[in-house]
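Asker: One-letter residues, chain by chain:
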Amino acid sequence: MTVTIQISALLREYSGGVPDFKLEATSVRAALAEIERLHPQVYRGVCDETGSVRKHVNIFVNTQNTRDGSGLDTQLTPGDVVMILQAVSGG
Amino acid sequence: MSDRVVLCIGTKKGLFVAEGSKTRKKFELRGPFGPGVSVYSALVDTRGTPKIYASSCNPFFGMKVLRSTDMGHKFKETKSAPAFPKDDGRALANIWSIEPGKDKKELWCGVEPAALFRSHDNGDNWEMVQGISNHEHARKWHPGNGGLCMHTIVRDGNRVHLGISTGGHYLSEDGGETFKASNKGVGAGFVPEPFPEFGQCVHKIARHPDAPGRLYMQNHGGWADWDGPGGPRPDIGVLRSDDHGKSWRSIAKGLPSDFGFPIVVHPNDPDTVYVMPLTPATRTCPDGAPAVWRSENGGNSWKRLARGMPKKDSFYTVLRDAMDIDELKEPSLYFGTTTGQVWIGRDGGEDWECLFDSLPPVNCVKVAVV
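One line per chain: the protein sequences are A and B, in this order.
First residue of the first sequence: 2, per this note's numbering; consecutive thereafter.
First residue of the second sequence: 89, per this note's numbering; consecutive thereafter.
Just so you know, these hints were derived from the structure itself, not from any lab.
Any given hint might turn out to be false.
Listed below are the simulated DSS-like cross-link pairs for lysine-lysine, each with C-alpha atoms no more than 27 Å apart in a straight line [what the hints assert, rightly or not]:
{"id": "1", "chain 1": "A", "residue 1": "K56", "chain 2": "B", "residue 2": "K174"}
{"id": "2", "chain 1": "B", "residue 1": "K114", "chain 2": "B", "residue 2": "K341"}
{"id": "3", "chain 1": "B", "residue 1": "K417", "chain 2": "B", "residue 2": "K114"}
{"id": "4", "chain 1": "B", "residue 1": "K113", "chain 2": "B", "residue 2": "K391"}
{"id": "5", "chain 1": "B", "residue 1": "K167", "chain 2": "B", "residue 2": "K152"}
{"id": "6", "chain 1": "B", "residue 1": "K341", "chain 2": "B", "residue 2": "K391"}
{"id": "7", "chain 1": "B", "residue 1": "K391", "chain 2": "A", "residue 2": "K56"}
{"id": "8", "chain 1": "B", "residue 1": "K190", "chain 2": "B", "residue 2": "K152"}
{"id": "9", "chain 1": "B", "residue 1": "K100", "chain 2": "A", "residue 2": "K56"}
Example chain A residues on the side facing chain B (calculated, C-beta under 10 Å, incomplete) [as the list claims (entries may be wrong)]:
{"id": "10", "residue": "I8"}
{"id": "11", "residue": "S53"}
{"id": "12", "residue": "K56"}
In this text, a Cβ means the ideal position worked out from N, Cα and C, and glycines have one as well.
Work out the full structure, taking the sequences as your base and the hints as a guide.
Answerer: In structure tokens form, the structure reads like this:
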């Protein structure tokens, strides 16, 4: 099924300046695998060597933070928007 | 009679105490206390016999609360520090705020992961405040770069305002028994929804007792140029409420940046408020030229205060608790930097001088006249 990936401005230098793109995936985990294939540098900004989402990155499906639900196993439905944002804060 | 100005400087390597006369021309430094251990919060408690409290955040052997009854010549650990119940599942990672409570022996303490504790005996024993620590939102707050911290406790009679990063502003109107998220007008730039119910990265909240209902907030700004999902979110960084924190509006217009950490209110004028704008991407002084900005009309306009400060090549950060103002008739401001400097801004911030040039990185600065 087709979903839209939107990425933070800070990651766009790794996507050739593209702010969003579509791909086929049924879960967030599958979407990340597809991102790794299509845009490996974007993937490295989002996940560490173990495949875990980096500590200060949040992935939203529509408006829901996947950390509050099933994480990488969050299921996707056609037309979902997956947003990858930095969780900036602190000081 | 109050005649000494006491400055508590919490650093990455312990607590320093600086003491001077009311002229504030010269300060004598002592410390570090709790040497080698980071101090994120301090309180000069002027209720009754003055005391100083400081958190000592030991990454190896846990959190401690230090207490001095001789104005910072000697410190001892209190009998215990805040701790989560054994079956809670959370473990204390840091102590971010210590504030006076209702009676002379009562203390409130905000910690990481975000939770609130209260002591009724000068910090010897602590109980968790359930209404916020186990709030239905509590397990949905997320840590940011500074950790998931409850850094601000503002008491106003039966009202209690809490600042949580990243949780937002929470308000109690029953003395701290129950809390509600109260973030109408408080924006966020790191979630899809620009104005969520909760989850904002509030940096600091301040109030003045002579302006009932009014609050000032330094929120996590810097989203004016954001071209990511959801679009730009300008001017959400510096805010004001006139209804006890139920709603907030921007007062950022006129500032060079709406990003910053501390916000401080003049002790004798509720319309006078100070912020220290920083460049959002680096969290350092814009163009390397540090400046405090002051509004004398509640945030309608701002003036840059930088006389005596470097005009270039200063790229430091002033953290959320690292700026304070004394309560003398002609008050002085104080701020500490991540490069280990402590500055004094005499005459309400008109003239600046570096008091200490080479301390460890400064986490917090608290001042009182005792």
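Asker: Which of the stated hints cannot be reconciled with the structure, identified by number in ascending sequence?
Answerer: 2, 7 and 11
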